[in-house]
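Novice: When you get a sec, could you build the whole thing from the sequences and use the hints?
2 protein chains.
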Amino acid sequence: MAISLNPPERLIPVSGIRLATAAAGLRYKDRDDLVLMELSEPARTAALFTTNRFCAAPVVVARQHLAAVQPRYLLINAGNANAGLGAQGLADAQQCCAALARACGCQENEILPFSTGVIGERLPVEKITAHYTRLAQALGEDAWLAAAQAIMTTDTVCKGLSRQVELDGQTVTMTGIAKGAGMIRPDMATMLAFVATDLEADPEELEQLSRQAVRQSFHCITVDGDTSTNDACVLVATARSGARFSALSPQARADFSEALNSLYLSLAQAIVRDGEGITKFVCVRIEQARSEAEAREIAFSIAHSPLVKTSAFASDPNWGRIVAAAARTPHGGLEMDRLSLHINTVPVIENGQPAPGYTEAAGVRAMQGDELEYRLQLGLGTASARIWTTDLSHEYVKINAEYRT
Amino acid sequence: MAISLNPPERLIPVSGIRLATAAAGLRYKDRDDLVLMELSEPARTAALFTTNRFCAAPVVVARQHLAAVQPRYLLINAGNANAGLGAQGLADAQQCCAALARACGCQENEILPFSTGVIGERLPVEKITAHYTRLAQALGEDAWLAAAQAIMTTDTVCKGLSRQVELDGQTVTMTGIAKGAGMIRPDMATMLAFVATDLEADPEELEQLSRQAVRQSFHCITVDGDTSTNDACVLVATARSGARFSALSPQARADFSEALNSLYLSLAQAIVRDGEGITKFVCVRIEQARSEAEAREIAFSIAHSPLVKTSAFASDPNWGRIVAAAARTPHGGLEMDRLSLHINTVPVIENGQPAPGYTEAAGVRAMQGDELEYRLQLGLGTASARIWTTDLSHEYVKINAEYRT
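For the record, the sequence lines run as chains A and B. Just so you know, the working numbering puts 571 at position 377 of the first sequence, and the rest follows in order with no gaps. Just so you know, the working numbering puts 299 at position 105 of the second sequence, and the rest follows in order with no gaps.
Honestly, the hints are just simulated from the structure, not real lab data. One or more of the hints may lead you astray.
What the hints assert, rightly or not - Now the stretches of chain B that chain A is said to cover, found in silico as 3 or more residues with beta-carbon under 8 Å:
#1 268 to 282
#2 429 to 441
#3 513 to 519
All C-beta atoms in this analysis are idealised placements derived from N, C-alpha and C, irrespective of residue type, glycine included.
Specialist: Now the structure itself:
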């Protein structure tokens, strides 16, 4: 059950973007699993992809195409990752693009393909290409919600968000959709996220906005520590609002950046809130570290510990596991007698020892809700980091043991 | 259920070592949980401890004592780790040693304390010291099996092994006991292991024998990636056999080393075979790496992947998860088109693509047994590594969610 996560009621169209969905029957019955997204001239696109070297065929193809030319179409399927299939996988991804280029009258490399789903099963190309004519005819500005639903795999709630900001008197819209929900430890971005804005921005500006937004959002979440083969996060600027990033006032630029970052963070957190088998949404917050890298390393060590995660599942304030996970990182400098830990607002450890007045009962009460914060203060410096993660439940094991059956 | 692991029927006494056990009621009812081990002059001892900076009070005290003088007694309790208690924990460990020194007529620093169990609860010192007189009177050479049973926590099978080797015509005995079964990712050794031999060896020789044996055994196992706060591995040489290491022939030294290494490896594997919630005993074997460090990093990345572990639990030949886990390590050099994977003897991937003739049915058959080997050949060099681990089952979550309740 997703934690405090509702599907969006409506997503605001972004001028310059049209979408269509179809049910190709790749894996799921009675639902859409295919999305075509059209980006009209002069839209500019930035994208970040998985750092996993075992990256999927569509990631290889999308990287090549993006390096050559600005994309005009995004083609997204759910249910099959087209990963781990070598030359065959590449040929299948290219064939999907070539056929779409013919159907839409564009160049093959103006199409970016994205796939998410089971690894190692061949992509049923004909099931996809059969829908091209109908998809091209059905393109419309108001299909964001349908697209958010069509890209789901083990997600239980569809994820999308819109924001509008006033920038120097002009209204700029941004809308994004994303999907999880396992193999989530983005070393760049989660499985798939697509964000569009009607701002105008140069490719370099867009690249920088995208990296900055990803850094504090998708780079700060983990479900199971497994970086996916298909991660991709795409940011499109359609230039239709009349607002141009480079012409904005410093304040308006900051406002746009803040709105974009907050939209990315909400999407990233939505993926965690709907993480496989989740019963607790956990924020691991490290403060007083010597560097952000140290803070992040310690936070991830806690967030990935199966013992910390099962304690969270059991609502057990087993702080020994939290501190032990923090202290096993390669960083040599942790000083136990400077360490403090809060679970939500309850002080648990102070200067390396049980906090005065701390009782097990207080700890148990702090663990009851479905949102937890572990705040670890190292007493070593001024850097900090926050990482969002899930607990580890019976349901996680069940979902992942039965994924392919 | 432990995988192909039976308790030892008998452990061979090691001349110069006497043991006694008692039921102190620290956590468990109706079983022994306290061990006293006497090491007679001129026994020499080497010990390796956890690299976790949040190490338990007994580890701090044992390190100090061992640095000062050769130990005469080991005091081991199960059920309470005496970890995470700051100055109080240190005082409690010291008090246990001081009282035992009085009872046994030795110096306080001739005692090494060891604790294993729950973190963060105060050690009930009086419950322990109350048994000293009786323990000292009950010391005997034949209590190794009782000691192996007394140090168990979540272990379901007690772990011990004896070996005898002929070295230049003299019989040398070695007997070891160990316990697991969770928070196992030794960055030195697992929770607790105690090995004794009647060989005579200098402290430096012993240290080297111990490090070498640990390196290819306890350093090569993982259950959940969580390095414990209380890990300790102790090797005692009692010098009672008449065989002296430095006087042995090169062949006899090699024979001793091989027997010791094999004893350590069996104990380490026994801990994995009895890992919490285990249903599959998994060997991750990396070959053709550029360095052992690279091979180990990749092996651990696979061994720690919750997705790989849940696939093993489900007997699902989900090779995509194995390759994806291998490919997410920081090592930049993995080349997918050189990669081959076998599950047991079944070729699954060849040169980065599904092996000719591989069928899902063949993969499923290979996954049926309760012992699995994933053999990944990188095609990059000649280094290799083997890591032993468990699957991730419903039972693991249950055990660790309910550990303190």
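Novice: The stretch 513 to 519 of chain B covered by chain A? Criterion: 3 or more residues, Cβ-Cβ distance below 8 Å.
Specialist: holds (count 6)
Novice: Confirm or reject the coverage of the stretch 268 to 282 of chain B by chain A under the rule of 3 or more residues with a beta carbon closer than 8 Å to the chain's beta carbons.
Specialist: holds (count 7)
Novice: Mind checking, does the stretch 429 to 441 of chain B have 3 or more residues with a CB under 8 Å from chain A?
Specialist: It is violated, with 0 qualifying residues against the three required.
Checked against the numbered hints given earlier, this structure breaks only hint 2.
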